[in-house]
Every structure is written in structure tokens, then in C-alpha cells.
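Chains as they are written, first to last, in the working numbering: chain A, 1 to 360; chain B, 361 to 720; chain C, 721 to 1027; chain D, 1028 to 1535.
If you're looking for bench data, these hints aren't it; they were derived computationally from the structure.
Take the hints with a grain of salt, since some may be wrong.
Now the in silico label distances, taken between C-beta atoms and shown as ranges [what the hints assert, rightly or not]: (1) ILE187(A) x VAL556(B): 29 to 35 Å; (2) SER1298(D) x VAL384(B): 43 to 49 Å; (3) ARG1146(D) x PRO395(B): 26 to 32 Å; (4) GLU1427(D) x ARG225(A): 26 to 32 Å.
These numbers were taken from a predicted model, which means no experiment stands behind them.
Where is the CB? At the ideal position from N, CA and C, for every residue including glycine.
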Amino acid sequence: MNTLTSRLSQASKHQLFWPVVVLVGLLAVNALYRPSFLGVEMKDGHLYGSLIDIVRLSAPLILVAVGMTLVIATGGIDLSVGSVASISGAIACLHISQQPDQNALSVVLVALALGIGLSLVAGTWNGMLVAGIGIQPIIATLILMVAGRGLAQLITSGQIITINSSPYRTIGVGYWLTLPVSIFIAIAVVALVSVVTRRTALGVIIEAVGGNAEASRLAGIRSRRIILLVYVICGVCAGLAGFMLTADVSSANGNAVGLWVELDAILAVVIGGTALSGGRFSLSGTVLGALIIQTLTTTVYAMNITPQTSLLFKALVVIAVCLIQAPAFRAKFTRRRPAAPLPPPQATASGQDQKVEVPA
Amino acid sequence: MNTLTSRLSQASKHQLFWPVVVLVGLLAVNALYRPSFLGVEMKDGHLYGSLIDIVRLSAPLILVAVGMTLVIATGGIDLSVGSVASISGAIACLHISQQPDQNALSVVLVALALGIGLSLVAGTWNGMLVAGIGIQPIIATLILMVAGRGLAQLITSGQIITINSSPYRTIGVGYWLTLPVSIFIAIAVVALVSVVTRRTALGVIIEAVGGNAEASRLAGIRSRRIILLVYVICGVCAGLAGFMLTADVSSANGNAVGLWVELDAILAVVIGGTALSGGRFSLSGTVLGALIIQTLTTTVYAMNITPQTSLLFKALVVIAVCLIQAPAFRAKFTRRRPAAPLPPPQATASGQDQKVEVPA
Amino acid sequence: ACGNSDTGDKGGTGSGKIVLGFSQVGAESGWRTANTNSIKEAAAAAGFELKFDDAQQKQENQIKAIRNFIQQKVDVIAFSPVVESGWDTVLKEAKDAKIPVILTDRSVDSADKTLYKTFIGSDFVKEGKLSGEWLVEKTKSATGPVNIVELQGTTGSAPANDRKKGFAAAIAANPNLKVIASQTGDFTRAGGKAVMEQFLKANPKIDVLFAHNDDMGLGALEAITAAGKVPGKDITIITIDAVKDGMQALADGKFNFIAECSPLLGPQLMDLVKKVKAGETIPTRIETQEGTFTQEQAKAALPTRKY
Amino acid sequence: MVESQPVLTMTAISKSFPGVQALNDVGLRLFPGEVHGLMGENGAGKSTLIKVLTGVYSHDSGTIGLAGQTVRFGAPMQAIAAGISTVYQEVNLVPNLSVAENIFIGREPRIASLIDWRRMRRAARHLVERLELDVDVTAPLGSCSLAVQQMIAIARAIDIKAQVLVLDEPTSSLDTTEVEQLFRIMRQLRGEGIAILFVTHFLDQVYAIADRVTVLRNGRLVGEYMTSELPQLALVEKMIGKELEALESLEDQPKRALAAIEASTAVIEASSIGRKGSVAPFSLTIHQGEVVGLAGLLGSGRTEVARLLFGADRADSGQLTMQGNPAPIHNPVDAIDRGIAFCSENRRTEGLVGELSVRENIILALQATRGWTKPVPRRRQDELVAKYISALDIRPGDPEMPVRNLSGGNQQKVLLARWLITEPRLLILDEPTRGIDIGAKTEIQRLVMQLSDGGMAVLFISAELEEVLRLSHKIAVMRDRHLVAELANDDSVDAEHVMAAIASGASS
Ligand SMILES: Nc1ncnc2c1ncn2[C@@H]1O[C@H](COP(=O)(O)OP(=O)(O)OP(=O)(O)O)[C@@H](O)[C@H]1O
Ligand SMILES: Nc1ncnc2c1ncn2[C@@H]1O[C@H](COP(=O)(O)OP(=O)(O)OP(=O)(O)O)[C@@H](O)[C@H]1O
Ligand SMILES: [Mg+2]
Ligand SMILES: [Mg+2]
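Go ahead and model the full structure; you've got the sequences and the hints to work with.
Printed below as a string of C-alpha cells:
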């Protein structure tokens, strides 16, 4: 028993240990480059500083990544999150912009409802394609990823919709208890999702479906519903992120909102230690991953790295993360999974290659 | 015995049958919209017409998709093809642009050598990350996808390199025996790859690794080498495509060359009937898939569909293909594999849902 | 602006109308949409049949689209190149097909100037220069160093390269003017804001912001106010384009100067098309009528602003 | 018969996994031209020892000597190259490749590096015939029944010209006839001087073929014995380390009266249920407290029958009746809601979720019936799990261990536990004792009897006819995907009868 708990704690340390190290490392680099980077001052009633920016800006990514985590845990993937964010942001801003009194709370609430509504539809659509018809997730969601931009364009009729609604702005740039509101939203969502997955059986069932879908089916799990559900959740998370992204600049640009966020989210999930092959997932890991990615972006600006090299810089850090995590994986694989019931090829490929690698 | 073989043959028909139908359908639509669409006339010594354009423009996509097919057959994926194409095109153009006589064959040959060289390096890099270190393919190649753009930028130093070299142009827009040269290149590569994979054991081994990496390893296959190899092949194919793309416009734009081609390639592979979960692959299917995608794009222009709707249009066609293919999959799943060892989650998820779906 | 409605005509010059094939860069900004609208309205007004194509920022798309125009035997082709170079091939094809080509708003760097009839559009270098010169003028009294931060457009794009070039050339006149940080904001508000936030924190003393377009400037506004600074006062803001939101900001005194980059070249384009079709000779470089705006001029112009 | 020089010597081998000392100072000698039985309970360390030998795992300490010089394989391919050919416990082949490709993968016949498909198929067909299997070598392996797959794996192994042949529970789901085939070939190979290491839980098989046995217990070496000098009981005691009165008590279980049971209400009535390409329509009635055994040759369709009753595959003809009223079953969910449980034959692909812990795997089916919104309270989980871990003696008895880390037999027990806690009305067991050691096997058999005495209906599929005879009140005989006979299992019936029925298909 003891040995076990200690081993588990070890493992979990493994899983979150390295991401934490990287995050701290990045912050340290910034601090060295510019000591004031870590400084946080009080400006008209709220905290102010690069750290706060990072946290605020990472909020939407956290939302998207949390939804993505569940999808990936079932062995799927959702490429359409960026487009969904763009759509929900667009519809919300469109509605507000058409109202006489943009500051009316009711108006904003309706706008949010509309956005969430469309996100639900989008999520359901993805879920149906994957679970209902059985199109492979990458393809199924790729469709909405591409077509979604078109939809967003249609909603904004190709324009950039500018709004002037303080309640809506609050979502993106408001402060509460000296901290950005967006953070509280992100925290709330993360908390909610973890409770729903971990206090109910949803988490285990998701992991079962991701781990061995056929076995789950024969165990009487309604995999289709579960899969549908996670895509819906993912869609809604993306929709919420869309509000933040548009509220941040009080305008909706169908083309730009949430561009590339799907890749960032996938990275966050993987850096957080959830395998793309599905199965066990870690929400806390994902949150960490999101923070790392945002810090990376901010670092590029803060250190004013030239646009050409910034991409390389980012890539290098990601490699670094993967590399230092690899040994941990490897150890895990060799110690805890040699007889793994065939995880999907890539995973196995790595798994077994690592085994091959084990030094005699 | 008989029933089985006939069933197999059916299946294989299924596999290419529907893509062909779709392709023909698309062409038919165009012909209806503008009868001249199918017309091919002789213009100063070479054939000229929409069909020719489709074939010529699809050449680079075919190259990329063929490489992608092998990678996907091992259960992997290569997101970096676009960047690799951009890099090899950039280096080639850079070299040519720096020479006094851009038309010298030797110059062009060196340029090509440089491009292929870099592509090899890129492919090896991906292969090492996936097979060597065991990073999950999406992430491993995502790194190069992102960083590669940066590299291309650095090579072109953020500018657009324009060249004026007829031998190089030939690769993209030249004609031979009244047909575009690029076609012959594509055909040659496809032929080469099919021979290498089908006449040697390579094909089977790839399918084995993709089907059950652990088992392949126990069977004494050096999965790592195979995986490394396919990523290298994929890289080189992407590099070749890069030449065509840049030669087509006699200039290299680090940002633009090969943008989104990875998605088109993945679509082509899937439409061609190769499962993203790895295992059996079909090169002919992939070629068909590539032709469909290109025809789709051309159709959008020829029928002058507005940008917002064009995306939707494309998406719809892709769904259509996936849909009509789904029953075939479904049938396969239910009839031939109730006890088949766990395909990766998403596949199984669909697999089993399809089973659940089978009407009584 | 969701595309044009004409799909009836089977292409070609079947009907008597002049057929104009136009390939647009994309719809990346309010400016671009205004440009698109201007062209569509003008075409309709002139009674042309417009075959409109959106290249979505991709040169390949644009080349393919142009080839299609050639096949469809349109009377005149016009397009705004996504990038400067790599057009010789397709332009030659057009020339072979005896279809005149007009470049709008962005030029190409083809050595052979006969490949296209004319280039009508703004001069990005000039826009940069105008911005720079205004700043030099404004700060000539300044004794100490003036710290400038620059929000570049999308890396590698012609407007970004040229505006940077022109601006740099202009401010060279006053050694006090220094660009202390320059980062791409991808022409978007979110980009401009995120970058500016860090600029503000990294550089305690920022006197001037030069943004390659209004949208990035507008994004930066948020960052500046959040930093407790007053845009237009503590930090002088110079942008390019003069889209409605930008002009509003200028009129409200949040911006200090905008070099116009007018998208309304539709009418000009249409009578060029007529001329070309009629075989008249026209100059190979035509600049869109556009000016610059100070806060006062903005207040005046705003009511009559089309976009 | 023991020759001078052992071809393979493993000495003082130790291997530990986190929390488990799988092997502790174990030794093994293999002589040319012998069949050597490796015996031990579930989790004794047999498979681990084999995987250490072939380089799947690297051992912590100890030495391996092959034909004189010491070796240490970094990967299976090296072991193969060195002449060690292995059939691993869990069938490890590539489902999407054809039978022929699976047999020859990694060593395809070539003409100057070009693969020679024709020769490959011919050779494959030849091999399959040698094993007297009737399969299309171009069919995808995934479409073959588990037993067939196991035979294919064997075919592959024996075709590799090796000096050492390792077979880890090759007979676990084979029927007597296939076992006979296998033994014939093993003797033949032994005659050619090949050393064969043979793992099984069937004692009679050991005595039928093995010259010597090495016995492991809890990862330790108990000893090496000549089979001829070691009586069954002694061997069993060495394996489980205690007297085995259990077995005896079960042996002389009286056959139980069918009449009483036939009187009791029918739990399920299948009338002409069938599915094209899988099983011909059949009718079968199972009563409360009745154990119905399915007998048949390999590939006769037993698993398919089970899958149909459970809705794992959808029947395309006939209907089901439960407690008198029609009960259409379209999918496992329906079946489970109606109190049917199906313990599938292929635990690895259709049973367990390797990544999840023993506890989560055991709870899974119960949880599924409640839906995800109503989680089984953690305390209740722990009780249930603890209860069945001890009841089935699952080792290591650590509920939080990933189930993939358990030994084959223990995994099977976990799967069994999953279904037992759902307390079904009808329990379908497809090869439930596959790969399970004698001790546990008797436990499970007793369990089945208890359950049926308690009124549970059981459909019992096993390749082991004795087992079927011992447990079932009624035996349904399958042949070529047809249900050809039903025998009331009274004292008159014995193995011969059943075999006869299987052969002739004569109904009774
Ligand atoms: N998973 C499967 N997919 C397709 N066909 C199968 C599958 N399993 C079995 N079959 C076919 O159905 C026939 C019956 O197989 P099944 O496993 O039901 O027989 P069985 O009596 O259970 O024999 P075994 O002892 O192999 O389980 C086999 O001959 C095989 O060809
Ligand atoms: N990958 C692993 N990680 C951790 N423990 C393992 C692993 N593989 C095996 N074990 C443990 O090692 C012990 C021996 O397992 P092994 O598979 O060798 O038993 P076995 O003799 O083959 O049993 P069976 O007859 O059931 O196959 C078991 O306790 C098992 O739990
Ligand atoms: Mg074992
Ligand atoms: Mg069976």
C-alpha cells in the first residue's frame, strides 16, 4: 500500500515535475533579461505586470485546452476549436453591435447565450461526425476548422465588428479583486470540469473508452454518447474562449480570432502529460502546459525577439520540453508498460523503441 | 474461401470505387456549368485546358500525399511537409538567385541537390524525434511545421526571392510531349514508391508496424528504422513538391509556399482509403484523393464560388466522400473484425459505433 | 460583402458587357473589405460584369484564379498581388491571351513592365515616409532622445516591408528619433495589443508608437490605457490606413496622425478599365488620391467618411 | 536421454518490476532434443523468464548462456537471429495483415531482394496444411478466431529454423485435436534435436510431451525434475506449495439432475437466432440454475453464439425471449440491462483496459449500468474489489496496479470479477479458465457451481471437454457454425459421446 501511494506520487511528480521546471525556467530567463519582468505593481485598483498579462492571456488557451484534453483522452482530437471560438465571438459581437444600448447587461447576456448556442451546435456536429457516422476525428473536425472560418466570415460579413460594451469588455479585460476576470472564469471552468470528471465516473469512463473502445463497448459503456459529450464540452469551452478573445480587443475579426489556437491547445495537452493516443488524462498538467505556451509567446514580445527567429525560439523550447519529458516517459514505458495492450501505433512505436533503447 | 476472397475484392473495389465516382461527379458538375471545361486544345505545342491545369497543379500535392501515405500507414503523421517544401524551395531559389547565370543547368542541379539535402535532414530530424526519442508524431512534426516557417524566413531573409531560370521553371510549368513536366515527375515518384513498397517487403513491414508495432517488434522487425525511413521519404517528397511550387511562380515566399498543404495531403490520403490509424495503405487511392482535392479547388475558381462559401463547399464534398465511404468501413468492421485486436481508439470508437448502428 | 451574386453568365464575352476579372488579396482587415466593396459598387455602377475572387492571402490561389480568368476569356484582369514577386509566368500567359492586366493597390517586381498595363494604388514607402516626416516635423523642437516603438505588419508582406523602409528613411533626418523596439502584430488588434503590453513593460519611456495599420494601433490603445498612460498625449500614435475606427480614434484625440491608404480606388479602376478596353494609352503608374490626417482634419472628414 | 551439453542455460536470473520481484535468482537448463515444461501458478514468473530470455525485458542480474557463450539480447530480433524462436503468451500478430504475411513477416521469401509473393503463399498454405488448419492464407488474420490465430503464431514459430523453440501457453485455447497436431510436430522437432521450452497449465499435456520440467513459484525456482520421476500430485504441490485436496473434492462431484432444472423457469430462450457469415440460426433455452456447456471444434462458432446472445454482434434473424416476454438485444447495453454478462474469450482486446487499474477494470461494467452520473461510492468499490481479489486470489492483490502489469492468468481473473459483481441472471463464459492455473481453475469451477446452485444461468464455453462435462447439465454441440445437437449431461454421457456428436452431428 505505502509503496504504492509513494509510487503514484512519484509518477504524478514525474508528470507535472518537468512542466513546472520549464515554466519556472522560462520565467527565470525573462527575469534575468529584465528583472522588472517579475515585478507586479498596483495600478488604479488592480495588479499590473507581465505575470498578470501572462495569466490573463493564457485564460482562453486554458479553456480551449481543457476541452481538448477530454477529447484527446477519448483518443480523438478537435482541430475546429479556433473556428468555433471565432464563430461564437463573432455572433456575440454582431448581436451587441446591433443593439441600441450596448452596455445593457441583458444585451450582453443574450449575446453570450447566442455564442454558447452556436458552440453547442458546433460541438454536437463534430460529435455526430465522429461518434455517429464514424469519420476519423482529425478529418471530422478539420471540416469545421476550415468551414468554420467561412461561417465566421459570413456572420461578420467580412468586416471587423467593433463594439463598445463595458459588460462584454469585462470578460476580456475586466478586473475583480485586483485580478483579471478572465482568470476567474478559467479557474471556474477548470474546477467544474475536474469535479464533473473526477467526482462522477465520467473521467474513468472517458479513460476507458480512450484506452480500449471495444472492451468498453462490451462492458456496456455507451461510448457514442461519451464521445459526443466530450466534443460538445470541447465546443463550449472554445466558445467561451471566443468571448474572451473578442472582448480583449472589443472587436471580432472572423479571420484572426483563435487562429492557430488548436495547435497551441494540443501542445498544452501533450506537454501536460496526456497521451494523444487517449486514455489517462491530466487537467492540471494541461493548465500548466497552457501557461508554458503563453509564457513562451509573451517572452518573445518581452525580449523583442525578431519575428523571423521567434518561431525557431518557440520550437526549440517545445523540443526541450518534449526531450526532458521523454526520459520520464521512457522510464514509465519500460517500468510500467512493457506489455501494454498495444496502444495506437505511434505510442507503441515510441514505447517499444524506448524499450529497445534501455541500456543493458 | 470464395466468399471471403470475393468479399475482399469487393472491399478493395469499395476503396477506389467511391473516390472515382466523386472525381467523375465533380468533373461532370463543371462540365454542366461550363461545357468548355472538359475541352482540351493544342496551344503552341502543348495541351491546354482546365483538365491539364488540374493535373499539373495536383502534381505537388500528389508528391506530398504519397510520402504522407507511408507515414500514416505506420500510424504516424507529418505536419511539417508544408514547411519542408517551403525550405527546400527557398534554398533552391536562393542559390539560383545568387548565381550570375541563372539558366546554367549546373546551377539548377546544385540548387536541387541543396533542396533535397535539406529535405533529407528535415525528414531525418522528424524520424529521430518520433522513432528515436519517442515524441508523438503530431507534436514531433508540429515542431518542424512551426520552426520550418521560421527557417524558410531566415533563408529568404524575410523577403521574397524571385528568380529567372528557365531550367528551374521547367519543373513547374514546362511541357514535354505536350504534357506538363510536373506530371511526369509525379508519375515517376509514385511509380518508384509503389515498386519499392510492393515488390520489396517494405510495404508489408510498414503495414505491420502500423497495424501492431509491439507485435512487429516481437516478430523481429526493426520498427525504429522503418519509421525513420518513412519520415525521410516523406521529407524528400515534400522537398520535391517545394521545387514545383516555387518553380510554378519562379519565386520563393517563405511564408506562403506549401501553406496548408499538410491538410490537403492528409485529406487526400484519407479519401484514398488509408486509415489514419495506420496499417493497410493504398497509393493509388491517395493519388485519386489528391486529384479530387485539386479538382475541388479548381472547381471553386472555375465556378467562381465566393470565398466564404467555397470553404463550406469544399467541406461538404469532403464530408460526402467520408460518408459514402463510411458504410464500406462499417460493413468491414462488423463482418470481419468483431475480435480484431483493438484498432486505435478513434478508429474503434467509430468501428464499434458503426456496429451498433448496423440496421437489423 | 459576402461575395458577388453573379453566377449566371457562363463566362466569356457572350453578353455585351465588359467582363472584369478581379482577384482580391483577402478580407484580412476593415481596409480590405472597404476596398472590395468600393470595387464591387463601382463595377456595378459602370455596368461591368465582375468576376470576383478572394485569394485568402495565398499567391497560389491568386495565380490559379488568374489562370481561370484567362481561360474564361475575360476582357480585363485586375488584381492586388498577395506578394510582390513571382508573377512573370502568369502575367505572360495573360499577355499571350491578349488580356490586359491592371494591378491594384500592391505592385509586382517584374522586370518586364509591359506585362501589365498599369499599377494603380497607394505607395507604401510613401505612406511610411509621410508618417516619418510628420513625426520629424513634430519633434524638431525635442532636445532629448525620442523613443519609438514600431508595430510591424505581417512579416514579409509588401506593406510591412515598405512602410518600415519609408518610415526609417524619414526619421533618419533627426538623430534623436530612435526605434527602440519593433515586433510584428500581424495587422490584427489582438496582436497589436499583446505586443504593446510587453513593449510598455519592457520600456519605461515610450514617446511614439508607429503602427503599420489602424487595427494594430487600436489594439495598442487598450494596452496603453491599461498601463495608465494617455494615448495621444503621453504617447504619440501614428498609424496608416484611415479606416473608420482609426479616424474615430484620431478625431477623439487618441491617435495623432494617420497616413491615408485609401481603399476607394473602385471608380478610378473602372474608368481605367474602360480606357484600356478602348485601347487608349495610360500611364504605367497611377496613385490613388489619398492624403494624411491630423486630429482636426479627422474631425472634419469623419462625417463624410465612406469606410 | 539428457545429453552432455545444455544448449541454453539461464543462471541466477532476477527481474523486478516496480513493487514486484517477478524473478528471484531463477535458473533454467535446456538440452538439445528435449521438450522442457516450465510450470508454475499464475504470476509465478514464467512469461517474464521467457521475455527476459528473448530480450523483451532486460534482467537485473544473472547470466544467459546460449550454445556455449553468454548472450544478452537487447531486442527480440537479436534472439531470433541467435536461433531462438518464440510464441508469446498473448497472441502477438498483426491483425490487418494476411495470414501468410503474418507467418513470413520479417523473413519474406525473396528473389534478389524482391519479395516473392507466390512462393510466400505456397509456403504458408503448406505450413497451414501441416497443422491441418483450414484457413485462407490471404485472409486478414483479424478475421480468424483466437484459436486459429494461436495456431498461426505456432506455425510461424516452427517455420523459423531455430535451435530453441519457446512456446508460452500455446494450447490455452486449442482443442484436443489441435493439441494433438501440435504435439506431433513438437515430437518431430525434438527428433531433429531442437530444444523446446513449453509452458502450460494442463498437467496431462505436460506428462504427454515433456521430458523434464522446471517449476517456479512466486518468482523463485522450486526445482528441476524428470517428469517420469514426478507424480502429478507431487508436481501440483511443488507448484502451489500446499496439498491440493480441492481438486479431488471436485473430481468426484456427482453429475447433477437435469430434470429439476428443466422444470425451473427459462432465463433466456433463443429461437432461430443467427447471423450471416457467422452462425447459422440456432435455438437454445437456458433455465435458472442451469449450466449449458458449448462443445465444438475450433472455429465451430461457439464464440459467435456467445457474441450473438450478448448483442456484441447483431443477430440478423430470430428473436430472444427472457422470462417469457420478447427481449430484443441490439447491443451489449441491452444485454447487460437484461442481466446478461459476457466474459469474452480475448481478454486483451475485448476485455480489459490495460491502462486502468485493477479496481477500475473490475468496477467498469457495474459503473456502466449505473451511467456515469451515478458513480459507485468509493467505499463500496473497495469492498467489492477486495472481496473478489481474495475470492479469485488475484495476485498481486493490489487494486491500484495497472491491469496490464498483471500476469495473463490474473488478468483473466480480473475480467471474471468484473462480470461477477454485476450479479447477472445469465453469465456467458467464453474460455473463462484460459491460461488459468489448476488451483484457480478449480476455484472458478466451484464458483460456477455455486452460482448455478444459487439460480444463475450459465453458458459455459471451454476448449477443455472434461471441464464442460464436469460442470454442465446440458451440452450443446456446435459444428461448422451450426448448433447440431443437445445432450442432456447425465452419467451416461462422457467425452466419447460428445466427440461422437461433434463428429457426426447426430441430434439426440
Ligand atoms: N473476430 C472474428 N472476426 C471474424 N470472424 C471470426 C472471428 N472470430 C471467429 N471468426 C470466425 O468464426 C468462426 C468461429 O469462430 P469462433 O471463435 O466463434 O469459434 P470457436 O468455436 O469459439 O473456436 P475458438 O476455439 O477459436 O474460439 C471461426 O472459424 C472464424 O473463422
Ligand atoms: N510489465 C510488468 N510490470 C509490472 N509487473 C509485471 C509486469 N509483467 C509481469 N509483472 C508481474 O510479474 C509477475 C510474473 O508475471 P508473469 O507474466 O511472468 O507470470 P506467469 O507465470 O506468466 O503467469 P501466467 O501463468 O498467468 O501467465 C506477476 O506478478 C506480474 O504481476
Ligand atoms: Mg504467462
Ligand atoms: Mg471461441
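Do the hints match the structure? See the list:
| no. | hint | in the structure |
| --- | --- | --- |
| 1 | ILE187(A) x VAL556(B): 29 to 35 Å | violated, 54 Å |
| 2 | SER1298(D) x VAL384(B): 43 to 49 Å | holds, 48 Å |
| 3 | ARG1146(D) x PRO395(B): 26 to 32 Å | violated, 53 Å |
| 4 | GLU1427(D) x ARG225(A): 26 to 32 Å | holds, 28 Å |
Hint violations for this structure: numbers 1 and 3, all remaining hints satisfied.
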